[in-house]
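Chemist: Please build the complex by placing chains B and C on the supplied structure of chain A, with the hints as guidance.
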Amino acid sequence: MAKKLTQTRRRFLGSALATGTSLAARPARAQSKPDKLVFVGDNGMWHDCLYKVVAPDFQKQTGIRVDFTALPVDGLTARLQAELNGSGTGIDIVQWTGSYAGWLTPHMEDHEKLLAAAASRHPDFDWDDFMPSIRGMATWDGKLSGIPYRVTTGIFHYQKALLEQVGFNKPPETFAELQQAAIACTKAGAPVNRYGLGYMGRQGSAMSDGFCSYMRSNGGDYYDPKTWEIFVNQPPAVEALQFYGDLLTKYHCVVPDSLTWEWNETIAGGQNDRFAMVETLSPYGSLFNDSKASRTAGKWAWSVVPGGKSLAQSRTYFGGWSLGVPKGGKNQEWAFEFILMACSKKYMRRSMLLDNAPPRLSILNDPEMVAKYGWAPVAAQALRTAVLDPRDAIWATMELQLRTGISAVLLGEKSAKAALDQVASDWQRSIRRAGLK
Amino acid sequence: MRRRPIRHALKRRLFAAGIYAALLGMAAAFLFPLLWVLGLSFKTRLQVYAVPPLFVWKPTLENYIAVLRNGDFVQAFVNSLVIASGAVLLSLCIGVPTAYAMARFPFRGRSFLFFTLLVMRMLPPIAVLIPMYVLFSRLGLSTTRFSVVLAYTTFSLPLVVWIMRGIFEELPRELEESAWVDGASRYAAFGRVALPLIRPALVAATILCLQLAWNDFLFAAVLTDNATKTLPVLMAAYSGSDTGVDWGGMTASGILVVIPVIVFSFLAQRHLVAGLSAGAVKG
Amino acid sequence: MAQAGIVQRREGVPTGVTVPALQRAHRWLDGQFTLVATLPTTVLMLAVFGIPLLISLYLSLEGWNVSQALFGGRFVGAENYHDLLTDPDFISSLLLTLSYTIVVVASEMALGLGLALMLNVDLPFIGLFRTALVVPMMMTPVVAAFCWRLLLDPTNGVIDYWIGRHIVWLGQPATAQMSVGVVNVWQNAPYVAILLLAGLRSLPSEPLEAASIDGANRLQTFWHVTLPLLRPYFVVALLLRTIFEFRAFDNVYVMTSGGPASATMLLSMYTYLASFQQFDLSLGAAASWFMLVISLLLCLLFIATIRRRSTV
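Chains as they are written, first to last, in our numbering: chain A, 1 to 437; chain B, 1 to 283; chain C, 1 to 312.
Bound conformation, chain A alone (with noise of 0.2 Å):
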């Protein structure tokens, strides 16, 4: 009697909780304000935007402080790690790059449901102006675990004047042209210690962008993700190491400089006037130009990278920046209304203006945008056909392995067959140890 009595009220129980939450279930924001969103990021100088202009207007908003912690990246996957791998997070909105999406994605919410649920409050945030290959960036697995606020290519950098001074009108389209460009520059620029070429020859994490630009272009690549099959030793990739270690080694046309370089220090080689030509990120061309920091502000334009035979074979890396929203997080429909309102078209433009590099097209495309910074439409034509590095939880180890050997190269140690045939084989023995062939 008394255990029927028992089941009665627990079921009696039950129903009115279910109808209670129902009657208390509310659209959209059910969730109540928080006083502050915590996002937790790199600490990248292009957040100025994100920090000075969208977090006030936010605030002004919704009355919602957002708490950012700039964190160097190595120090920012350790604390992602951290906190995502143990059960809740205090973490509001992440930030987060391609090379982590193996393993952040499974903590991360679906972020096409979210953009469903916040479609009608948000009519014009237009999401088909982010282009397919960048909206693949943030995906993983088939679901978007973010929205990409930040997308960087690797584009051609020169000093229009130094290049036209040694016969070229137009920037080289071939490697052969991009040769013999470097070394009538450097012999030009000898007396004021310019080389024709930068290059970000550290033995870091900028190594392989260095390096990749070229060997696309001549129609090299890494591995299929799917068979595993391995291209890096392949003659395609092997002649672009080559001519890429040739031009410091041989010919001495790079910056000697170069070996210690790596982001920073590229930016910094651009400014102090150190090379006449580079291949690097698009944003730089921003800080190239920039006549409070850089002594050859004015001087640069740019265009695709230049392929391998002809120009049509141009090719180049992209990568980059997401925002989103962790599963475990406490506040997440405002924290993506946050995240929506720094990725929409007005402060994106303003962000592209305080050193960012969106990835919307209407921006990069935006004549005012094209005047201002001249790399814009240049990267909105190299992300036409830009490749996103690898994201294979073993390319972590893959690209170590591969540094050593472009560093084997650049160092005149090895040849770059010999380089190269040794990292397919480290890559072999990864590729096994890892069970994945």
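Everything hinted at is true.
Simulated coverage check for chain C against chain B, where a stretch passes if three residues somewhere in it have a Cβ under 8 Å from a Cβ of chain B: (1) 21–34; (2) 182–195; (3) 275–284.
Simulated from the structure, these hints should not be mistaken for lab results. C-beta atoms are modelled at their ideal positions from N, C-alpha and C, and glycine is treated no differently.
Modeler: Below, chains B and C alone, put in the same frame as chain A:
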């Protein structure tokens, strides 16, 4: 031996001059990078990258203003101060007695404890970074300053015990034994007799613990949030990822961060060199 | 330790009046000294460090995939360690770290001893010099390393400017290794100097006086009296520096990231890359434990060598 006093005085003065010269050279070599950082903190980005490097330039205060205007700087400074002093004090308060007990009283498990502490210290901290984070968040301590104090203390403790145990072992027992005979307890013997005698070593241990707690980045980055972050975490914002090092910000904050420790070291080194006075040894 | 039979007279307590309970409590507390002194340390280390240490050990025995929860991987025993030992990069990194540690620690000890001796004099203004000595190790390592990176820059740096040659210090393997080593010695010789200075200042004066009365000159006194008395401090400094240099990280990370061509890929850098670049915490944990074992062996080796030499 007062033969030829003048030549003797001259030799002594030459010796002193030689020492001073060597000291100046050493100080110059050791201080030069700091002085260079000091100089960088007063340069604009263009001046930093000038070729050839500028030794004379028009200084600017913009870097310091930018750093101090950053609202978080003062808070981070306070956090660093609290955490560093907490870690150092805790390490000394519980480490020094342990070292004393190990040196003076053979108890069961003494060697084992000592050995374990050493071995723990040999594990690269990076291995326990994420497990420690998991532990603290389970205890509800994540993002608190206390968790960072605990973490730094566990790094300093083996150090303190190790150094101080060796010091205590070398200390002659007579003084303490006479104190015991006079009726003092072990605690009193420790606190009033042994402790004052090892002041230089205490200061040395303090400086070494402080160095660790003041300058660590990785653990602070993972275990704190914006409100509790320490200076190294704040400074990391200046070292740029793919958009360039903010030399002005980094060097200006670097100078502001190192000044307190220099002041502390200057005050402390006086105690570092207080030796055993003859009176105590004669007993 | 000789309390057992000694009657302890307490001052202020007139003889004849017994306060047995209080006295017993005092005596009990006194007997518990070792417990009271060592308990906090033990508890703190076990709880705050010991548990994460065991977790990390478990991680190193786990075949963990970065997309799993921390304990979600399968137990694979020694597989991670086997992977490390069969990775030629790890082996070359290990050998590099061993030779690097020996060279750098030896330099630090020698330089530290010299500094300590110089700073042991009682000349005026010596306090300023002692403070100057402490600066390199008190500077935030990352700031110092960035500064050195700038100083060693071939174009903007001061070093090349002064010697007039355009050497790309961090771009060639040999010079890169040298640069990282020099910066480490610069930063840490003061560490040794402080320890040895504390030792020098704590030396009892009698043996030194006895030696000079016996007619020994300065060099003989130093070699036969001072150094042996300094031995405990020396040993502590040697072991500490060995442990720390074996896992030196900040300078390599900032100055060379392990390059060029992996010439400065020390074990710490390898472990760091494994943990945070490859997102393989199990491999990183295994590498860390490996480093622990090697550190231990190195230290035991040093202790054995010193003990053997002292008995000679």
